[in-house]
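Using UniProt numbering, the letters of the sequence shown correspond one by one to residues 1 to 528.
Please keep in mind that the hints were generated in silico from the structure rather than gathered at the bench.
All figures in this text were calculated on a predicted structure; none of them were measured in a lab.
All C-beta atoms, glycine included, are put in the ideal place defined by N, C-alpha and C.
Honestly, I wouldn't trust all of these hints.
As the list claims (entries may be wrong) - DEER-style ranges, computed between Cβ atoms:
id: 1; residue 1: 87; residue 2: 350; range: 19 to 25 Å
id: 2; residue 1: 269; residue 2: 203; range: 32 to 38 Å
id: 3; residue 1: 75; residue 2: 108; range: 27 to 33 Å
id: 4; residue 1: 398; residue 2: 228; range: 43 to 49 Å
id: 5; residue 1: 129; residue 2: 3; range: 43 to 49 Å
id: 6; residue 1: 269; residue 2: 364; range: 27 to 33 Å
id: 7; residue 1: 381; residue 2: 326; range: 26 to 32 Å
id: 8; residue 1: 9; residue 2: 187; range: 30 to 36 Å
id: 9; residue 1: 421; residue 2: 9; range: 48 to 54 Å
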Amino acid sequence: MTTAVHLDGITKRFPGVIANDDVDLTVERGTVHALLGENGAGKTTLMNVLYGLYRPTEGRVVIEGEERQFSSPRDAIDAGVGMIHQHFMLVDPMTVTENIVLGNEPRKWFGLAVDREGARRDVRDLSGRYGFDVDPEATIEDVSVGVQQRVEILKALYRGADILILDEPTAVLTPQEVEDLFEVFEELTAQGKTIIFITHKLGEAMHAADDVTVLRDGENVGTVKTEDTSRERLAELMVGREVFLQTDKNPTEPGDVVLSTDRLSAEDNRGIETVSGVSFDVREGEVFGIAGVDGNGQSELIESITGLREPTEGNVTYLGEDITRAPRSDRIDAGMAYIPEDRHERGLVMEFDLVQNGILGSQHSAPFATRGNIDWDTARGHTEDIIREYDVRPPNPDADAESLSGGNQQKFIVGREFEREPELVVATHPTRGVDIGSTEFIHDRLLELRDAGKAVLLVSSKLDEVQGLSDRLAVMHDGEFMDVVDPQNVTEEEIGLLMAGERPETESQTEDAVADGGAADEGTEADR
Numbered sequence: 001m002t003t004a005v006h007l008d009g010i011t012k013r014f015p016g017v018i019a020n021d022d023v024d025l026t027v028e029r030g031t032v033h034a035l036l037g038e039n040g041a042g043k044t045t046l047m048n049v050l051y052g053l054y055r056p057t058e059g060r061v062v063i064e065g066e067e068r069q070f071s072s073p074r075d076a077i078d079a080g081v082g083m084i085h086q087h088f089m090l091v092d093p094m095t096v097t098e099n100i101v102l103g104n105e106p107r108k109w110f111g112l113a114v115d116r117e118g119a120r121r122d123v124r125d126l127s128g129r130y131g132f133d134v135d136p137e138a139t140i141e142d143v144s145v146g147v148q149q150r151v152e153i154l155k156a157l158y159r160g161a162d163i164l165i166l167d168e169p170t171a172v173l174t175p176q177e178v179e180d181l182f183e184v185f186e187e188l189t190a191q192g193k194t195i196i197f198i199t200h201k202l203g204e205a206m207h208a209a210d211d212v213t214v215l216r217d218g219e220n221v222g223t224v225k226t227e228d229t230s231r232e233r234l235a236e237l238m239v240g241r242e243v244f245l246q247t248d249k250n251p252t253e254p255g256d257v258v259l260s261t262d263r264l265s266a267e268d269n270r271g272i273e274t275v276s277g278v279s280f281d282v283r284e285g286e287v288f289g290i291a292g293v294d295g296n297g298q299s300e301l302i303e304s305i306t307g308l309r310e311p312t313e314g315n316v317t318y319l320g321e322d323i324t325r326a327p328r329s330d331r332i333d334a335g336m337a338y339i340p341e342d343r344h345e346r347g348l349v350m351e352f353d354l355v356q357n358g359i360l361g362s363q364h365s366a367p368f369a370t371r372g373n374i375d376w377d378t379a380r381g382h383t384e385d386i387i388r389e390y391d392v393r394p395p396n397p398d399a400d401a402e403s404l405s406g407g408n409q410q411k412f413i414v415g416r417e418f419e420r421e422p423e424l425v426v427a428t429h430p431t432r433g434v435d436i437g438s439t440e441f442i443h444d445r446l447l448e449l450r451d452a453g454k455a456v457l458l459v460s461s462k463l464d465e466v467q468g469l470s471d472r473l474a475v476m477h478d479g480e481f482m483d484v485v486d487p488q489n490v491t492e493e494e495i496g497l498l499m500a501g502e503r504p505e506t507e508s509q510t511e512d513a514v515a516d517g518g519a520a521d522e523g524t525e526a527d528r
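Based on the sequences and whatever the hints tell you, model everything.
Here it is in structure tokens:
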């Protein structure tokens with residue numbers, strides 16, 4: 001096969017950091033190549049070098065056998081390289097056609113006017129050529145995320161891209177949209193295009209790619225063909241040791257209700273209702289999971305429960321007490337631990353050292369304070385325990401939070417919240433940004449708390465995580481619970497349909513479990 005891309009000895013240094021260290025990468029034309037690794041492994045930096053956003057400190061970029069030096073993405077585009085970023089770069093009020101041709105509009109009347117009909121025709125022809133089902137006249141804000149992603153791909157193809165880079169392309173897609181995307185990959189490669197996609201998801205790499213290159217700590221630790229490897233081997237390459245990918249979960253007998261919401265509604269910061277009358281219970285000795293595409297009200301729901309947002313309607317009850325308008329500090333004192341979605345905004349004070357961050361929320365309570373005075377020796381010992389137990393690096397309690405990598409910041413927050421000896425853990429994306437080994441550890445600790453009779457409310461955009469850990473699973477779409485299901489007896493396809501807003505035609509597979517296990521007396525949102 002012909003080589004489409006060859007990166008030879010790419011090193012990229014930033015002040016105090018080597019993001020890529022002498023990386024070689026070869027991608028064959030007409031193939032799908034996955035660039036796999038944990039957050040911070042250097043994947044996006046390497047692709048930003050290929051796309052001209054960064055200039056390499058050392059090394060060569062070779063495209064179709066010709067060495068190239070890119071000063072900007074325009075140079076990369078001219079060389080046939082296109083990149084679709086994780087956060088789409090589309091103008092919502094504009095049409096599909098307007099977005100695709102923006103900056104490259106066909107002209108008429110000696111170049112004096114935009115040929116709008118010609119543009120629509122070009123987009124329709126391009127969409128049809130690759131089997132895309134995209135309406136050229138649709139407005140971006142009115143189409144699904146999956147269609148928006150296809151528009152981004154068409155935009156790159158319109159500019160002549162033969163090599164397409166996609167950065168974490170499935171992060172905001174339902175399972176069905178993921179499958180549709182992989183079918184797009186097949187169609188593009190069948191017509192000679194080359195796909196490189198960045199991911200940290202083992203299953204996606206195995207399913208969609210012909211070849212996989214694994215980066216760890218900025219280095220290429222191996223390139224393998226998917227037909228010759230396994231998820232376990234890829235995990236070992238990513239982490240550097242054997243990893244157990246399956247979560248062993250003991251049977252549970254849920255106890256009393258710890259947390260309940262009754263017809264809870266909330267608005268976002270713009271005053272738009274994003275949670276609409278949600279009712280559910282979480283019991284002792286269970287993990288209650290919430291799945292859904294990000295942005296469907298999960299954030300506002302959790303903030304209403306944890307005291308960071310005042311709901312517009314409904315009630316929150318914790319350990320038999322109405323806490324709907326109780327301050328955040330009262331919830332912490334009552335044993336509600338919280339792993340926030342945004343670790344920088346909600347989890348840490350970035351300029352504080354780890355000792356100060358280790359007692360956040362408990363700085364006025366025993367054993368860290370007596371008569372208003374903080375016992376810094378006790379606080380330091382507590383922080384050192386968290387660092388040791390949760391393998392936070394560097395293991396320095398005097399380090400500022402902002403000096404830690406994202407993964408180590410996350411491990412520190414998880415450790416602090418678990419060590420509160422909580423009655424309820426509200427965990428939102430608890431493994432975001434941590435390596436597979438740390439993910440395994442965090443999962444085990446969540447299940448240990450559950451087995452000890454504690455309640456766990458888990459929100460995660462990782463479907464395998466929330467399905468694997470949960471005893472009951474709610475699927476949220478557009479501010480409502482579409483259904484509450486038994487995660488062991490529901491397919492990924494069924495969950496995906498619920499995530500897309502399609503209710504099942506039959507009753508929930510776990511109607512009895514829901515009725516017995518924690519929906520409000522009036523039923524779940526799916527029942528109303």
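Hint by hint, here is what the structure shows:
Between residue 87 and residue 350 the beta carbons are some 22 Å apart, a value that agrees with the proposed interval 19 to 25 Å. A hinted range of 32 to 38 Å holds for the C-beta pair residue 269 and residue 203, which are about 35 Å apart. Here the CB-CB span from residue 75 to residue 108 is close to 29 Å, well matched to the stated 27 to 33 Å. Evaluation of the 43 to 49 Å hint for residue 398 and residue 228 yields a pass: the beta carbon distance comes to about 47 Å.
Distance hint check: the CB atoms of residue 129 and residue 3 are about 25 Å apart, inconsistent with the given range 43 to 49 Å. For residue 269 paired with residue 364, a C-beta distance near 28 Å keeps the hint of 27 to 33 Å intact. Between residue 381 and residue 326 the beta carbon distance is about 30 Å. The supplied range of 26 to 32 Å therefore holds. With their beta carbons about 34 Å apart, residue 9 and residue 187 fall inside the hinted range of 30 to 36 Å.
In this structure the supplied range 48 to 54 Å holds for residue 421 paired with residue 9, their Cβ-Cβ distance being about 51 Å.
Comparing the model with each numbered hint stated earlier shows that hint 5 is the single one that does not hold.
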